[in-house]
Each structure stands twice: as structure tokens, then as C-alpha cells.
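Chains as they are written, first to last, in the numbering used here: chain R, 14 to 99; chain L, 14 to 99; chain X, 56 to 794; chain G, 17 to 263.
In case anyone wonders, no lab produced these hints; they're calculated from the structure. Keep in mind that the hints are not guaranteed to be accurate.
In the DSS-like style, the derived pairs of lysine-lysine whose C-alpha atoms are separated by at most 27 angstroms in a straight line are [as the list claims (entries may be wrong)]:
id	chain 1	residue 1	chain 2	residue 2
1	L	K53	X	K107
2	X	K201	R	K53
3	X	K107	X	K559
4	R	K17	L	K23
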Amino acid sequence: MLAKIYVTPKRGVLDPQGKAVAQALHALGFAEVGDVRIGKYIEVRLEGAAGEEAAGRVREMCEKLLANQVIEDFRFETVDDGGKRS
Amino acid sequence: MLAKIYVTPKRGVLDPQGKAVAQALHALGFAEVGDVRIGKYIEVRLEGAAGEEAAGRVREMCEKLLANQVIEDFRFETVDDGGKRS
Amino acid sequence: MSERPPVTVRTAEEHGLTAEEWEKIVSILGRPPTFEELGVFSAMWSEHCSYKSSRAHLKSLPTSALHVIQGPGENAGAVDIGDGLAAVFKIESHNHPSFIEPYQGAATGVGGILRDVFTMGARPIANLNSLRFGAIDHPRTPQLVKGVVAGIGGYGNCVGVATVGGEVYFDAGYDQNILVNAFTLGIARHERIFRAAASGVGNPVIYVGSRTGRDGIHGASMASAEFAEDSEEKRPTVQVGDPFTEKLLLEACLELMESDCLVAIQDMGAAGLTSSSVEMAGRGGLGIEIDLDRVPQREEGMSAYEILLSESQERMLLVAQAGREPDVKRIFDKWDLQAAVIGRVTDDGLFRARWHGEEAVRIPVQPVSMQAPLYRRPAEEPKNLNEMQELSLASLPEPRDCEEALKKLLGSPNLCSKRWVYEQYDSLVRGHTVIGPGSDAAVLRIKGSARGLAVTVDCNSRYCLLDPYVGAVIAVCEASRNLAVSGARPLGLSDCLNFGNPEKPPVMWQFQQAIAGIRDACLSLAIPVVSGNVSFYNDTDGRSIPPTPTIAMVGLIDDVSRCLAQGFRRAGDVIVLLGRSREELGGSEFLATIHGQVRGTPPWIDLGLEKRVQGFVRAAAADGWLRSAHDVSEGGVAVALAECCLASPDRLGARVDLEPSMRSDALLFGESQSRVLLSVDRQQWPRLRDRAQRDGVPAEAIGEVGSPHLEIGDWIDVPLDELAAIWDGALERALRVVA
Amino acid sequence: MKWGVLVFPGSNDDQDALWALSSVHRQEAIPLWHKDPDLRGVDAVVVPGGFSYGDYLRCGAMARFSPVMQSVRAFAAAGGIVLGMCNGFQILCEAGLLPGALVRNRSLTFVCKRVWLRVENDRTALTRCCREGERLQIPIKHGEGCYFADESTLRDLEARGQVLFRYVDAAGEATPEANPNGALRSIAGVMNASGNVFGMMPHPEHAVEAIVGGEDGRKLFQSLIEELEERAARGGGSRRRTTGRAT
Ligand SMILES: Nc1ncnc2c1ncn2[C@@H]1O[C@H](COP(=O)(O)OP(=O)(O)O)[C@@H](O)[C@H]1O
Ligand SMILES: [Mg+2]
Numbered sequence: 014m015l016a017k018i019y020v021t022p023k024r025g026v027l028d029p030q031g032k033a034v035a036q037a038l039h040a041l042g043f044a045e046v047g048d049v050r051i052g053k054y055i056e057v058r059l060e061g062a063a064g065e066e067a068a069g070r071v072r073e074m075c076e077k078l079l080a081n082q083v084i085e086d087f088r089f090e091t092v093d094d095g096g097k098r099s
Numbered sequence: 014m015l016a017k018i019y020v021t022p023k024r025g026v027l028d029p030q031g032k033a034v035a036q037a038l039h040a041l042g043f044a045e046v047g048d049v050r051i052g053k054y055i056e057v058r059l060e061g062a063a064g065e066e067a068a069g070r071v072r073e074m075c076e077k078l079l080a081n082q083v084i085e086d087f088r089f090e091t092v093d094d095g096g097k098r099s
Numbered sequence: 056m057s058e059r060p061p062v063t064v065r066t067a068e069e070h071g072l073t074a075e076e077w078e079k080i081v082s083i084l085g086r087p088p089t090f091e092e093l094g095v096f097s098a099m100w101s102e103h104c105s106y107k108s109s110r111a112h113l114k115s116l117p118t119s120a121l122h123v124i125q126g127p128g129e130n131a132g133a134v135d136i137g138d139g140l141a142a143v144f145k146i147e148s149h150n151h152p153s154f155i156e157p158y159q160g161a162a163t164g165v166g167g168i169l170r171d172v173f174t175m176g177a178r179p180i181a182n183l184n185s186l187r188f189g190a191i192d193h194p195r196t197p198q199l200v201k202g203v204v205a206g207i208g209g210y211g212n213c214v215g216v217a218t219v220g221g222e223v224y225f226d227a228g229y230d231q232n233i234l235v236n237a238f239t240l241g242i243a244r245h246e247r248i249f250r251a252a253a254s255g256v257g258n259p260v261i262y263v264g265s266r267t268g269r270d271g272i273h274g275a276s277m278a279s280a281e282f283a284e285d286s287e288e289k290r291p292t293v294q295v296g297d298p299f300t301e302k303l304l305l306e307a308c309l310e311l312m313e314s315d316c317l318v319a320i321q322d323m324g325a326a327g328l329t330s331s332s333v334e335m336a337g338r339g340g341l342g343i344e345i346d347l348d349r350v351p352q353r354e355e356g357m358s359a360y361e362i363l364l365s366e367s368q369e370r371m372l373l374v375a376q377a378g379r380e381p382d383v384k385r386i387f388d389k390w391d392l393q394a395a396v397i398g399r400v401t402d403d404g405l406f407r408a409r410w411h412g413e414e415a416v417r418i419p420v421q422p423v424s425m426q427a428p429l430y431r432r433p434a435e436e437p438k439n440l441n442e443m444q445e446l447s448l449a450s451l452p453e454p455r456d457c458e459e460a461l462k463k464l465l466g467s468p469n470l471c472s473k474r475w476v477y478e479q480y481d482s483l484v485r486g487h488t489v490i491g492p493g494s495d496a497a498v499l500r501i502k503g504s505a506r507g508l509a510v511t512v513d514c515n516s517r518y519c520l521l522d523p524y525v526g527a528v529i530a531v532c533e534a535s536r537n538l539a540v541s542g543a544r545p546l547g548l549s550d551c552l553n554f555g556n557p558e559k560p561p562v563m564w565q566f567q568q569a570i571a572g573i574r575d576a577c578l579s580l581a582i583p584v585v586s587g588n589v590s591f592y593n594d595t596d597g598r599s600i601p602p603t604p605t606i607a608m609v610g611l612i613d614d615v616s617r618c619l620a621q622g623f624r625r626a627g628d629v630i631v632l633l634g635r636s637r638e639e640l641g642g643s644e645f646l647a648t649i650h651g652q653v654r655g656t657p658p659w660i661d662l663g664l665e666k667r668v669q670g671f672v673r674a675a676a677a678d679g680w681l682r683s684a685h686d687v688s689e690g691g692v693a694v695a696l697a698e699c700c701l702a703s704p705d706r707l708g709a710r711v712d713l714e715p716s717m718r719s720d721a722l723l724f725g726e727s728q729s730r731v732l733l734s735v736d737r738q739q740w741p742r743l744r745d746r747a748q749r750d751g752v753p754a755e756a757i758g759e760v761g762s763p764h765l766e767i768g769d770w771i772d773v774p775l776d777e778l779a780a781i782w783d784g785a786l787e788r789a790l791r792v793v794a
Numbered sequence: 017m018k019w020g021v022l023v024f025p026g027s028n029d030d031q032d033a034l035w036a037l038s039s040v041h042r043q044e045a046i047p048l049w050h051k052d053p054d055l056r057g058v059d060a061v062v063v064p065g066g067f068s069y070g071d072y073l074r075c076g077a078m079a080r081f082s083p084v085m086q087s088v089r090a091f092a093a094a095g096g097i098v099l100g101m102c103n104g105f106q107i108l109c110e111a112g113l114l115p116g117a118l119v120r121n122r123s124l125t126f127v128c129k130r131v132w133l134r135v136e137n138d139r140t141a142l143t144r145c146c147r148e149g150e151r152l153q154i155p156i157k158h159g160e161g162c163y164f165a166d167e168s169t170l171r172d173l174e175a176r177g178q179v180l181f182r183y184v185d186a187a188g189e190a191t192p193e194a195n196p197n198g199a200l201r202s203i204a205g206v207m208n209a210s211g212n213v214f215g216m217m218p219h220p221e222h223a224v225e226a227i228v229g230g231e232d233g234r235k236l237f238q239s240l241i242e243e244l245e246e247r248a249a250r251g252g253g254s255r256r257r258t259t260g261r262a263t
């Protein structure tokens with residue numbers, strides 16, 4: 014199984030990375046660009062795990078390690094891809 | 014419109030962060046964790062843009078700036094969320 | 056601004072103000088404050104901004120000397136360093152934010168102190184940091200250390216200011232309350248030192264830097280919950296640092312200071328826009344009027360209260376000459392920064408803030424500072440002090456194997472190499488670094504001059520716990536000694552007084568004792584205090600941290616090519632021990648590491664001898680008589696010798712003999728003060744000995760440099776490689792616990 | 017000779033490069049502001065270290081779009097000498113003027129220390145005052161200095177002598193322990209195929225004075241100075257004498 018995890022800066026928390034990229038895109042002529050927010054995208058392969066229980070474990074990983082909940086939110090989805098690499 | 018962009022390390026490119034996170038997860042008792050790969054998740058809000066053309070623009074942003082194709086792959090999706098914040 | 060809740064004494068109490076303070080506010084205004092005004096008072100009268108518990112005591116510190124250009128009271132202190140230049144410096148704490156979010160807390164701590172220094176017109180050339188963490192095996196420690204160190208590096212490296220030194224200690228007393236103290240040193244030309252006093256009625260007040268968000272709003276969390284329907288939305292958020300913007304701000308401000316448009320400038324630190332406005336108006340004896348709607352905002356729907364009290368980073372407030380707004384704007388445009396005129400200087404002595412066309416704040420400026428509360432809080436010696444000070448050496452068994460003890464000490468987190476920490480810092484950028492991290496003090500050259508500056512930061516909080524007066528005396532002496540062994544003469548110090556809750560009489564007692572210690576040491580060594588910071592309320596669950604009066608000190612070297620580092624340089628040199636060794640182990644690292652005890656009284660210190668030793672080393676260094684110098688501190692002579700070997704560029708060992716005049720553990724590991732290890736050319740030694748005798752400095756040749764081993768009498772004979780392996784990687788090994 | 021040192025917002029070692037060139041090597045050296053495409057007639061361009069534009073997305077990713085870089089591209093295409101150090105190396109890779117990319121250090125931490133480099137090719141404009149196999153002690157300071165390129169690129173680089181320096185130990189061996197960032201094949205610096213664009217992670221501009229950490233970096237600047245003088249003496253003719261070695 015594959016867990017796809019999205020970690021994003023919390024609302025209201027300054028995102029200097031996003032700010033800088035928005036400015037750069039404007040400078041490159043992408044005038045239509047509004048807000049940009051940059052987070053992490055993490056793929057975790059899980060051996061032999063499945064279903065509800067696996068989801069619970071992924072949540073735990075996020076809470077314990079992958080997201081810094083003081084400044085970041087996270088969400089995730091799990092896909093059963095038969096063990097193939099994405 | 015909102016573009017959700019995923020930038021991931023190319024296969025074969027070193028991902029020391031992914032390796033370190035996998036190790037840390039093991040140490041925390043998540044024995045089921047296999048490979049971990051860490052990339053970027055970028056949300057770009059696009060004002061007044063839509064459809065095919067917007068997608069073309071997003072592709073251009075990725076190729077020009079958001080991903081370095083020597084080491085990274087990208088993919089993206091666009092969602093019309095009526096201009097709401099995600 | 057309709058439908059606002061009535062502001063009462065209860066609201067004030069929720070803002071951390073007392074009933075008497077509330078009465079005072081009402082009498083100053085002649086009416087109850089608005090909600091925004093209450094926010095302003097609570098911020099300005101907080102311990103952090105008003106120093107209400109410490110002010111009375113800080114007055115006793117010596118702050119003047121002929122070379123002091125700016126003492127305490129401005130954003131940073133400044134001392135003359137010759138050639139028309141001044142050294143501008145200050146240390147500041149960022150303890151609580153770093154415990155909550157170590158990376159960002161430490162990063163924004165560095166950002167804040169950098170702004171304090173460049174606000175004065177100085178180009179920052181060096182950063183230092185003083186860190187205290189809990190026990191190394193406390194489950195939270197590794198993450199805190201990694202986060203804090205990465206944050207300090209992440210910010211300083213990106214801004215392009217070299218981080219050249221610091222200290223790191225581990226002690227269970229900081230398990231729940233780490234300390235992150237950051238220091239910046241800058242250089243300014245005398246005539247370009249800027250101050251934060253507004254002047255010129257009608258001059259524009261200009262906001263520059265990042266937009267304002269809801270970051271770290273003081274006291275707002277509970278207060279706003281009452282009237283906000285969407286309280287989640289308005290919760291104060293952690294401050295995230297943006298070092299790139301800081302770099303632009305630094306360059307833009309320094310460029311602006313070269314022009315003649317600038318009247319006054321102040322960074323927006325604690326209590327943000329409010330305190331910078333009130334302080335600039337207050338120092339100039341004038342008023343300031345601002346329009347909150349014109350403040351660049353990051354988020355929608357911010358309230359007046361939030362804009363006034365936001366602590367968003369990387370912002371500055373300045374007063375420019377009327378009519379020069381376009382020049383100011385041009386400079387900030389060049390650096391892609393915002394500059395918004397948000398108000399003007401007035402002659403009415405009021406701080407007024409308009410919002411949505413109404414006046415939300417109208418406060419007389421002088422009373423906010425002049426009538427700020429001032430407390431002489433009760434002080435009382437801690438009940439367990441006598442018991443802690445008891446130590447009977449007779450009951451301690453002497454170590455059977457001193458070599459084992461040395462190895463254990465060198466591998467202990469407090470004495471091992473801090474390389475893992477300082478390699479994460481760019482210690483070279485801008486090319487001033489003559490001696491970087493890894494010696495007693497860092498040494499920086501002054502470009503275009505033969506001179507150099509030496510900087511160090513020191514405090515042994517174990518000594519301060521056992522006797523805060525003596526501990527503080529030693530902190531000042533050790534800092535000064537670290538400068539002396541680098542060849543420098545101290546010019547001034549900046550202190551960061553980290554203590555527990557001042558409302559507790561034992562904490563207040565520790566504080567008063569420490570101040571007295573700093574005062575006496577400064578008077579004796581003739582070192583003025585030119586800036587500083589007090590951090591109270593470092594307690595968690597009713598437990599206070601050990602008193603930690605951190606001392607950062609800056610010194611001058613007339614010929615920087617004569618500066619000294621601690622490592623041995625040449626085989627065959629004579630090793631000389633200066634000072635007197637006593638049989639004392641109280642509060643030592645040896646006692647803590649080998650016997651697991653923190654007790655006894657700190658080492659004896661004789662300020663007269665201290666002064667003579669320092670003067671002697673400095674003079675000998677200036678005359679080029681010495682090859683290396685190192686002060687003897689934690690771990691005693693044995694550890695100091697090992698450090699001289701390990702810091703030697705060629706990893707030279709040493710053969711040493713010590714007169715067995717006392718217990719072996721006290722002889723090898725005792726921490727008697729005012730001692731220094733020198734290495735000198737054999738030819739030079741007789742001359743040096745005579746000079747020492749003349750100067751009343753005990754000096755003894757104890758051995759010789761050069762051997763692949765460190766040998767000390769019959770006690771120790773160990774290959775340097777073995778010591779290096781223990782010492783070098785110890786911190787990394789200890790921290791490589793689960794990420 | 018006249019040197020231009022690019023200044024981006026966030027450049028930090030620009031002052032060090034200017035100092036090394038003007039105060040130490042007695043060259044004429046001027047800053048070139050990123051918004052201005054005019055190279056003001058310089059004979060060589062230095063892309064300095066730092067954190068251009070904060071390096072918030074990827075190191076060097078944004079700098080390459082600046083007006084000055086468009087001119088540098090043309091300058092390089094015409095055979096002009098361009099040297100990128102640290103962030104400058106990252107920028108040149110991002111701009112496609114040098115092959116490969118620089119990724120996060122193996123340790124995941126920033127690292128600042130003096131390292132040993134071994135000169136791999138002494139027939140280049142940057143190394144002509146060195147001997148092949150010679151060791152230089154020069155500091156590094158970066159968080160993303162791990163050189164990466166795909167296998168075939170690496171093979172080409174090696175075959176054409178485009179690898180300039182490798183990280184080595186005190187004995188001159190390219191061991192894994194001596195590799196401070198995990199760079200593939202211990203590569204610390206490379207040049208382009210025509211031998212006029214150079215990139216290296218170490219900072220030679222921080223190794224030009226004994227009092228602040230050594231003088232080994234001087235040889236590299238001296239090499240370029242000699243190259244430029246020789247070119248000038250030839251009347252700006254063929255700019256291609258010391259190019260990549262075809263082995
Ligand atoms: N947090 C830190 N940041 C930078 N350098 C540090 C830090 N901690 C320790 N160092 C450096 O490591 C060396 C040893 O530190 P320390 O044992 O505290 O020295 P000393 O006892 O002489 O004051 C010093 O050169 C110091 O500057
Ligand atoms: Mg010391």
C-alpha cells in the first residue's frame with residue numbers, strides 16, 4: 014500500500030517560500046498567479062498493511078514525525094497499488 | 014482556479030531526506046514502512062484562468078521554475094473551486 | 056467599531072495586568088481604556104517591555120567609561136574601537152518560542168537581535184549564541200537541539216552574517232525550559248549611529264518590511280476568544296522567520312542610513328507597532344499618529360487590536376525628513392521591499408491610532424513609560440541553599456583511575472567538542488573571521504585596520520545555582536579571561552539575565568545576588584555594561600531554571616596578527632600554568648559527571664589575582680611572547696590540557712608533571728579560577744617567568760608540547776587519537792537518538 | 017583586468033569575491049546588479065555565493081531569470097569566462113550553463129568547514145597555476161552541495177576532463193569519509209565542455225589570505241588572471257586555448 018501525505022503550512026502562518034515563488038512567477042510574466050503555498054508531498058510505502066488500521070498508523074506517523082503541528086496541517090490518502098512504485 | 018502541483022525526486026536521484034525519514038519511522042516502531050520519498054506540494058491560485066489554457070500555463074510554470082527536470086518530475090491537477098481558499 | 060465588549064478590570068486581569076495597574080491606567084487616561092488601548096498598556100507594561108521587576112536593580116550596574124558611545128536604553132550598546140568606528144552589540148533571549156517551535160523560535164531570535172543591531176546603523180559582522188538544554192537523555196532534548204541549531208544556522212547563514220561562537224550546556228534544570236540567547240556584533244561609523252528618538256513635527260512615519268499577520272499577538276489569545284465568533288481564526292500563530300526579507304531589510308536600511316533622509320528608526324520587536332511607535336515618540340518627547348488601515352497586511356479581516364500588537368517579523372518603523380518620502384521609497388523599491396507612510400510625528404505627546412476612520416487609541420506617551428509600574432519584589436534566600444552548599448571532600452572516594460575519569464569527562468555532553476553544532480553555521484562569510492568557533496573567544500579583524508575584536512559568551516549556571524553572587528562574578532571574569540587569552544582588552548559587555556518567576560522570593564534573591572556579582576566584577580575589572588536583556592518566568596510546573604546570567608563580552612586587540620588561539624603550535628614549547636590551584640571541587644563538572652552530584656560552593660575567586668593574570672597574559676600576547684593560551688575552566692587542568700592538544704592544528708600532545716600537592720581529583724579536575732595555560736618558546740620562558748614574578752602572577756612550567764600522547768604525571772598516559780575519538784564525536788553520538 | 021561580480025538579492029559572498037579580486041589580487045572588480053543587463057565591459061564574470069532570492073524553492077532556481085543572467089548567458093556563449101562559487105555554481109547549473117544539479121547534503125545539515133580538494137585537470141583556465149593531483153585546502157559552506165548528474169553525463173564529464181576538483185582526505189584519496197556532502201564521484205567542481213564556464217561548491221574567495229584561513233584559493237584566481245592577460249595579449253582573438261582536455 015502507498016500512503017500519499019500532504020503537509021501544508023497552517024493558515025495564518027507565514028509561508029516565505031510560497032511568497033517568494035509567487036513573486037518569481039509574477040516576474041516571469043504569470044500575472045494570473047495569486048496566492049502560492051508550498052508544502053511537502055510524502056509518499057510512504059507500507060508493507061503488508063491495509064485498510065482502516067493502516068490509515069490509523071499513517072495518521073500516527075504524521076502526528077509524531079511527518080508534520081509539525083505547531084505550524085503545519087496534514088492530510089493523506091492511502092492507495093492500494095499492489096505494491097507497485099508510483 | 015487552483016493548481017495542485019506535485020514535484021518529486023526522479024527515480025535514481027538521491028533522496029537523503031526520504032531515507033532519513035524512513036529510518037526515523039522505523040526507529041519509532043513503524044516496522045511496516047518501506048520506501049519513503051519526499052517531494053514538494055505546491056498550491057497555486059490562478060485568477061480568472063480556466064480550462065485547457067490554464068493547464069498549459071501551469072505546465073509552463075513547472076517547466077520553467079517549479080521543477081528542475083534534471084532531478085525532479087512533476088505532475089499537477091487543476092480544480093475549479095470557485096476561488097475559495099483550500 | 057461598534058459592539059465592542061466593555062473593558063473592565065477583569066479584561067485587564069486577563070491581559071496579565073493587576074488591579075492597581077488598571078487603576079493607574081484609568082487615572083492616566085481619565086477614563087477606562089478602549090480594548091485596543093488596554094492591549095497597548097498590557098504590552099508596554101509587560102515584564103518584557105517595562106522591566107518592572109528588574110529596573111530598580113539594573114540601575115546598580117556600571118554603565119559608563121570614556122569609550123562608551125551608547126549605554127543601555129537604546130536598541131543596542133556601542134563602544135569606540137578607534138579609527139572612527141564603533142562596535143555595536145547586544146544579546147537577547149528567545150527562550151519560550153524556541154521551546155514551542157525550536158527551529159522557528161531560534162531563527163526568529165537571531166532575526167530579532169540582528170535588527171536591534173542594524174537599527175543602530177551598524178553592519179552586523181558576527182553572531183554568537185548561548186544555549187541551554189535539558190539532560191541529554193531527556194526524550195525531548197535531541198529534537199530541541201537539532202531544531203534550535205538548524206534554526207540559528209538557517210537564519211544567520213541566509214542573512215549572511217557569520218556565526219562565530221557560543222556555548223551549549225545540558226542540565227536537567229532546563230528539561231522543560233530551554234534557553235536560547237542570541238548575540239550580534241556590528242560595526243558602525245561614529246557619525247552614523249542611529250537612535251530611535253522621533254523628532255520633527257510633521258515628519259512622516261514609515262512602515263517597511265514584511266506585511267503584518269496574526270503572529271504571536273500578545274495576550275490576545277484568551278481576550279479575543281470572548282468576542283470573536285471565529286476564535287480558531289484569530290488564534291495567535293507561531294512566528295516564522297523570513298531571513299531573505301531580513302537580508303533585504305538590512306541592506307536597504309544601511310543604504311538609507313547613508314542618505315540624509317532618516318530621522319529615527321526602530322525595529323518592531325515585542326509588541327510590534329505599538330512599542331516601536333510609543334518608544335520612538337517617548338524618546339523624542341513628542342507624539343505619533345498612525346493610521347492602521349495603511350499598515351500592509353498579510354491577512355484579511357485583521358482587527359485594530361491585532362495590527363497594533365502583532366509580532367510579525369522583519370518589520371521596521373522609521374521617521375524620515377518630510378518631503379523625502381520618494382527617496383525612501385526609491386531605496387526600498389530597489390530592494391523589492393514595501394515602504395508605506397502610515398502616520399506622522401505630532402507635537403501633542405499622544406500616541407494615536409486611527410482605524411476605519413475612528414480613533415481606536417489615544418494615549419499620552421510619557422505616562423506610559425514614566426508611570427510604568429516598578430516593583431521591588433520581596434527576596435529571600437532559598438531554603439535549601441545551605442544544604443546544597445555542603446560538600447565534604449572526605450566522604451568522596453578519590454578516583455582509582457584518573458585516566459578513565461578524564462575520558463568520561465571529555466565524552467560528556469558539556470565538555471565534548473561542539474563541532475557538530477558550529478559546523479552548521481557559516482562562520483566565514485564577509486571575511487572577518489581570524490579565529491572562528493573552537494577556541495576561547497572568536498576573533499574578527501576590522502578591515503582596513505590593524506585591529507581586531509574578540510567576542511565570547513559565558514556562564515556557568517551550576518555555580519550560579521550554588522551561589523548566584525559568586526557565579527555571576529565568575530561569569531564576568533571568565534568572559535574577560537577568554538578575551539585576555541585571545542589577546543584582547545575588554546571594552547564592554549551585554550548581559551542576558553535568564554531567571555525564573557520574579558514573584559517568587561528565592562528567584563528574586565538569586566536575581567539580586569547575580570546583579571551584585573556582575574556589578575562587583577565589572578567595577579573591579581573596569582568593564583561597563585552597555586546593553587542587556589532580562590528574561591524572567593523561565594519556569595515550568597512550578598520549577599524554575601537554574602539562574603543563568605549569561606555574559607557576552609567584546610574586546611579589542613590592537614594588532615590582530617598577534618591574537619592567540621588555544622591549540623598548541625609547536626613541539627618543544629614549554630607549557631606554563633598561571634594562577635593558583637586550590638583543593639576545591641564544589642559545583643564542578645567532575646563532581647556532576649563522575650559522582651552525579653551538584654553541590655558545594657563554587658570555586659574561590661580573588662578579583663585582584665584575576666586582574667593581574669589577565670593583564671599579564673594580554674601584555675605577553677601583545678609582545679608576541681606566547682604561542683597559545685587557554686583558560687582553565689570546566690574540567691580543570693587535565694581537560695584544559697586535553698583541549699590545547701585537541702585544538703592544535705597538528706594535534707600535538709604534551710608531557711606534563713604536576714606537583715601532587717592535593718587530592719588527585721582536585722589537582723587534575725578542580726576548577727580553581729584565574730588560571731591560564733600558556734605555551735611559549737623554550738628560549739622565551741625565563742623572560743616570561745621573571746615578568747610574571749614582577750607582576751605578582753604565579754607561573755609554573757609544568758611540561759612540554761609534543762608527543763603523540765597526553766601524559767600527566769603518573770595519572771594519565773593516553774594516545775591523543777583515542778581522546779580525539781571520544782571528544783570529537785560525542786555530541787553527535789548522544790543526539791543520534793530517534794529523530 | 018576588469019571583473020564583474022553579480023549581486024542578486026540574497027547574495028552574501030559577493031563582498032568577499034570583490035575583496036579577493038580587488039584588495040588581494042589587485043584587479044579592477046565591480047558589482048553587477050541583477051536588474052541591470054549591462055555587463056559594463058568586464059573581462060570575466062563571477063557568480064558569488066549566498067542565498068539568491070532566499071533560495072526558498074531550490075538553490076539558484078530564481079536567479080537565472082534575472083536580467084543580468086540573460087547577458088551572462090550571451091557572454092558565456094561568446095567564450096567569456098564565468099566562475100560560479102557555491103550558490104553561483106547552483107545558479108549556473110539551474111541556468112543550464114553547467115551540467116548536473118546540486119542537491120541536499122547527505123547529512124541533511126548545512127556544513128561549514130575546510131576541506132581538501134584534489135585538482136583533477138590542470139589544463140584549464142581555472143587551474144593552470146596548479147598541478148594535476150595537487151591538493152588545495154579551501155572551505156565549503158552549504159546545505160545543498162551534493163553534486164548530481166545522470167550516469168552518462170558523469171561519464172562524459174570524466175572523459176572530457178570537465179571534472180575540476182574532487183573532495184579528498186589529507187592523503188589525497190577520494191574516500192567516502194572525505195566527501196562532505198555525498199557528491200557523486202566526490203565531485204566538487206566542474207566546467208562546461210568549451211572550458212570557459214566553471215562551477216565549484218568550495219569557496220576559493222575565502223582562502224586568499226593567511227590571516228583568515230589560508231591562501232590556497234589564490235592559485236585559482238591567479239590562473240584566471242593569467243588566462244585573461246594572455247587572451248588580452250592575443251588581442252581578444254581565439255578564446256580557446258586552455259579548453260577541456262580531450263583524452
Ligand atoms: N552554540 C554554539 N555556537 C557556536 N559555537 C559554539 C557553540 N557552543 C560552543 N561553541 C564553540 O565551541 C568552543 C568550545 O566551547 P566552550 O567549551 O563553551 O568554550 P569555553 O569553555 O572556552 O568558553 C568555543 O569556541 C565555542 O565558541
Ligand atoms: Mg571559557
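Going down the list of hints, with the structure as the test:
no.: 1; hint: K53/L - K107/X; result: 47 angstroms, violated
no.: 2; hint: K201/X - K53/R; result: 20 angstroms, holds
no.: 3; hint: K107/X - K559/X; result: 15 angstroms, holds
no.: 4; hint: K17/R - K23/L; result: 17 angstroms, holds
Consistency note: the structure conflicts with earlier hint 1 alone.
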